[in-house]
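Chemist: Residue numbers (my numbering), protein chains in the order written: chain A, 4 to 429; chain B, 4 to 429.
Read the hints as simulated data drawn from the structure, not as lab findings. Any given hint could turn out to be false.
Copies of the same chain look alike in the list, so a pair counts if it fits in one copy or across any two.
Straight-line distance between alpha carbons at most 25 Å, and here's what the computed DSS-like set of lysine-lysine pairs gives [stated by the list, open to error]:
{"hint": "1", "residue 1": "Lys255", "residue 2": "Lys27"}
{"hint": "2", "residue 1": "Lys23", "residue 2": "Lys8"}
{"hint": "3", "residue 1": "Lys254", "residue 2": "Lys27"}
{"hint": "4", "residue 1": "Lys254", "residue 2": "Lys122"}
{"hint": "5", "residue 1": "Lys51", "residue 2": "Lys122"}
Protein chains: 2
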Amino acid sequence: MNAMKIGVAGLGTVGGGVVKAFAKSGEALGTRAGTPLEVVAVCDRDEKMRAKYEAAQKFDDVKALAASNADLIVELIGGENGAAPLLVEEALKAGKHVVTANKAMMARHGARLAALAEKNGRALKFEAAVAGGIPIVKSLRESLMVFGVSAVRGILNGTCNYILTQMEATGRSFADVLKDAQALGYAEADPELDVGGGDTSHKLALLTALAFGVKPDLDAVAVQGIRHITPDDIAFAREFGYRIKLLGIAKKTENGIDQRVQPAMVRAGTALADVDGVLNGVVVNANEAGPFFFEGRGAGECATANAVIADIVDIARGNLGSVFGMPANNLSALSAAPAGSATSAFYLRFQVLDVPGVLAEIAGHLAKWRVSIESMIQRGRAPGEAVSIVMITHETSQSAVESALKTIAGSDSVIAPPCMIPMEAK
Amino acid sequence: MNAMKIGVAGLGTVGGGVVKAFAKSGEALGTRAGTPLEVVAVCDRDEKMRAKYEAAQKFDDVKALAASNADLIVELIGGENGAAPLLVEEALKAGKHVVTANKAMMARHGARLAALAEKNGRALKFEAAVAGGIPIVKSLRESLMVFGVSAVRGILNGTCNYILTQMEATGRSFADVLKDAQALGYAEADPELDVGGGDTSHKLALLTALAFGVKPDLDAVAVQGIRHITPDDIAFAREFGYRIKLLGIAKKTENGIDQRVQPAMVRAGTALADVDGVLNGVVVNANEAGPFFFEGRGAGECATANAVIADIVDIARGNLGSVFGMPANNLSALSAAPAGSATSAFYLRFQVLDVPGVLAEIAGHLAKWRVSIESMIQRGRAPGEAVSIVMITHETSQSAVESALKTIAGSDSVIAPPCMIPMEAK
Numbered sequence: 004m005n006a007m008k009i010g011v012a013g014l015g016t017v018g019g020g021v022v023k024a025f026a027k028s029g030e031a032l033g034t035r036a037g038t039p040l041e042v043v044a045v046c047d048r049d050e051k052m053r054a055k056y057e058a059a060q061k062f063d064d065v066k067a068l069a070a071s072n073a074d075l076i077v078e079l080i081g082g083e084n085g086a087a088p089l090l091v092e093e094a095l096k097a098g099k100h101v102v103t104a105n106k107a108m109m110a111r112h113g114a115r116l117a118a119l120a121e122k123n124g125r126a127l128k129f130e131a132a133v134a135g136g137i138p139i140v141k142s143l144r145e146s147l148m149v150f151g152v153s154a155v156r157g158i159l160n161g162t163c164n165y166i167l168t169q170m171e172a173t174g175r176s177f178a179d180v181l182k183d184a185q186a187l188g189y190a191e192a193d194p195e196l197d198v199g200g201g202d203t204s205h206k207l208a209l210l211t212a213l214a215f216g217v218k219p220d221l222d223a224v225a226v227q228g229i230r231h232i233t234p235d236d237i238a239f240a241r242e243f244g245y246r247i248k249l250l251g252i253a254k255k256t257e258n259g260i261d262q263r264v265q266p267a268m269v270r271a272g273t274a275l276a277d278v279d280g281v282l283n284g285v286v287v288n289a290n291e292a293g294p295f296f297f298e299g300r301g302a303g304e305c306a307t308a309n310a311v312i313a314d315i316v317d318i319a320r321g322n323l324g325s326v327f328g329m330p331a332n333n334l335s336a337l338s339a340a341p342a343g344s345a346t347s348a349f350y351l352r353f354q355v356l357d358v359p360g361v362l363a364e365i366a367g368h369l370a371k372w373r374v375s376i377e378s379m380i381q382r383g384r385a386p387g388e389a390v391s392i393v394m395i396t397h398e399t400s401q402s403a404v405e406s407a408l409k410t411i412a413g414s415d416s417v418i419a420p421p422c423m424i425p426m427e428a429k
Numbered sequence: 004m005n006a007m008k009i010g011v012a013g014l015g016t017v018g019g020g021v022v023k024a025f026a027k028s029g030e031a032l033g034t035r036a037g038t039p040l041e042v043v044a045v046c047d048r049d050e051k052m053r054a055k056y057e058a059a060q061k062f063d064d065v066k067a068l069a070a071s072n073a074d075l076i077v078e079l080i081g082g083e084n085g086a087a088p089l090l091v092e093e094a095l096k097a098g099k100h101v102v103t104a105n106k107a108m109m110a111r112h113g114a115r116l117a118a119l120a121e122k123n124g125r126a127l128k129f130e131a132a133v134a135g136g137i138p139i140v141k142s143l144r145e146s147l148m149v150f151g152v153s154a155v156r157g158i159l160n161g162t163c164n165y166i167l168t169q170m171e172a173t174g175r176s177f178a179d180v181l182k183d184a185q186a187l188g189y190a191e192a193d194p195e196l197d198v199g200g201g202d203t204s205h206k207l208a209l210l211t212a213l214a215f216g217v218k219p220d221l222d223a224v225a226v227q228g229i230r231h232i233t234p235d236d237i238a239f240a241r242e243f244g245y246r247i248k249l250l251g252i253a254k255k256t257e258n259g260i261d262q263r264v265q266p267a268m269v270r271a272g273t274a275l276a277d278v279d280g281v282l283n284g285v286v287v288n289a290n291e292a293g294p295f296f297f298e299g300r301g302a303g304e305c306a307t308a309n310a311v312i313a314d315i316v317d318i319a320r321g322n323l324g325s326v327f328g329m330p331a332n333n334l335s336a337l338s339a340a341p342a343g344s345a346t347s348a349f350y351l352r353f354q355v356l357d358v359p360g361v362l363a364e365i366a367g368h369l370a371k372w373r374v375s376i377e378s379m380i381q382r383g384r385a386p387g388e389a390v391s392i393v394m395i396t397h398e399t400s401q402s403a404v405e406s407a408l409k410t411i412a413g414s415d416s417v418i419a420p421p422c423m424i425p426m427e428a429k
């Protein structure tokens, strides 16, 4: 039987893990696949990286790899633009299958690359791009689409979840916990892509495409990170029976598809609230088929290599499928819900001077925007000094709350930007 | 484009759900599949059932259905032997694909039917046979096999989980809660297949085959149900920080594969402990790729129809694959761990007369079998009457505990069969 010949580009942690896994278990994987699998080429700009791995062919240039005799290219270079999409395009045009872990590229260029793959009758798979080893891409593409999906909610960034979990466990500030996470290798030296929510937005755009049969639309994702979350917010959340998690949320609404990345209050004891540390978790509301919950490692050499190799085995078995679960030509453009139209209850925290009338002033502005208050806590009591006022609103639109907060932030008695966090029902 | 023609046999809840789902969403499903999908035939012994659904052809005989012009047969008749395997064999021999929800048939005849399907180049899929809508069959077959699996643990029977959850919530007895469950339709009039553990054993045998690349071996599953669990056991469990769940467990051990269905103590706060009511949950320990957890509805019209239809769409997309994740000819015979060789800590409960020396007698018998005690609680204090003695052992083999309990059960002071429940670590 002819072996499926594999070329791996990008020999970092995951790429190295993939090559090592084939060296160790290639034969067993070939038995599973029903076809021998062989890594015939590796590609990296860095000669030292190339030198680490045995392969018949070594390339420093992605175009040369795309022109090699490999049947399937694994793209682990990363990056929205540049070498990664160049390699993928060239490989697909040359009639090769592609497996990638590149969420930024797929979120930005996914629809176009999917059409190119399908035009050439080749597979383009990206399980490793979302939630590491959790088979959520395959499950949305192949298992949970029968009754349609009304919403997907996920904890998709292990770094943020680790930081929030540690802030809760220790009561320390975001900045302090981030430093520890960097020392432990759980956060990058430049953490912005993680803590700013960008990484989650890439993953969310892909889950949205799979769940709703639309083209990934990164620009339609409203993104907020976790830098503004304080230990106080986490402590208040606990008092109300909630935990704060950075969620990627995609929901079908009357006004279109609402895609948001933002810290949210998740009720304690529910599945997502219990996802701790660097783990990832995803809830899929699949209408009559009921909610599904998936939890597992979101990153790391082996979890990600697992996803990459499962895609390879799938292709070797002849499961080419459609890239986003339906033919790329049938994917519709995403009709995005207007910004701020999402409704929920909200947690609001104000840092104010403890002067007479401040509460009346805040309450008045909220009332003007028809935001009504369900409960309130005031902490600290030191005339003329700073105190926290925390409120939970009844269900209202995000834009109403934002408008009210904008006015409130202008008050002389309000000494820091107000914090608002939506409460996620179930 | 030629439509894929579907024939559905067995028009009960799930079969009806499948036919209705195609009537409602057949076009959208066809778009996803890239091939139109059409139910062309239905089959049921009962004319009243056949009359409920529109289809070009209606059969009362499975052989006639197998000889029809359908490309794919959905087998929802059920039963280990009889019409169901007859239909599946005839259909595969006639070159048709088969989708089934029949766990008993697949657990008993799966290896043979898989070989027949693969010999004929046809698919045989059974996602709906295990854990309803949770895509655990596909995930084990296609996603989690890269680094190998060391263990699978699942709550696979919604009836048992509902009963245990209700017993915990209300403090009522097994028999009382069972009656309610029957009235609510959560338990059958003859509940034995569920509460005796047989249903879970069928599902476990299938998960074992997928996880370890072996032929399903139902006879190698040690099965215990939940009839003997008392409200006291559940209350003691809670005191120790555990919940009692009926688990199907398949583990790789030094002595072979250990397959067990039995009530187990699961530590509160872990994923499986939090699976409540009729839900199902599965934990897969996939070595370096880490543990995965899946939760969702285990039964019901739509969850099960979802699994059946996802299999149909998979086949329409050309994803035929191997039935158990590797070619049937490469599945090895299961090497079963000797009965009782599994080790863990155990919860033991003795109903004894409160007479001097009874504790010494029990402790003596346990010591003879080298079962050592980590903690003990004695409840009730009424000389000459019944009291409960509850112990947690250190890790030991199940057979040692069983041997000790056999001797202890013979004591005049012990007034009911002792209860033993393993403690599941993690």
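Chemist: Given a CA cutoff of 25 Å, do Lys254 and Lys27 count as a within-copy pair, a between-copy pair, both, or neither?
Modeler: Cα proximity of Lys254 and Lys27: across copies only (22 Å, versus 42 Å in one copy).
Chemist: Within a copy, between copies, both or neither: which one fits Lys23 and Lys8 at a CA-CA cutoff of 25 Å?
Modeler: Classified as within; 16 Å inside a copy, 44 Å across copies.
Chemist: How would you label the pair Lys254, Lys122 (within, between, both, or neither) given a Cα cut-off of 25 Å?
Modeler: So Lys254 and Lys122 fail the 25 Å test inside a copy (30 Å) and across (44 Å) alike.
Chemist: Using 25 Å as the alpha-carbon threshold, which applies to Lys51 and Lys122: within, between, both, or neither?
Modeler: This pair counts as neither: shortest intra-copy Cα distance 37 Å, inter-copy 48 Å.
Chemist: If the cut is 25 Å between Cα atoms, do Lys255 and Lys27 qualify within a copy, between copies, both or neither?
Modeler: between (44 Å within a copy, 20 Å between copies)
In summary, the numbered hints that this structure violates are 4 and 5.
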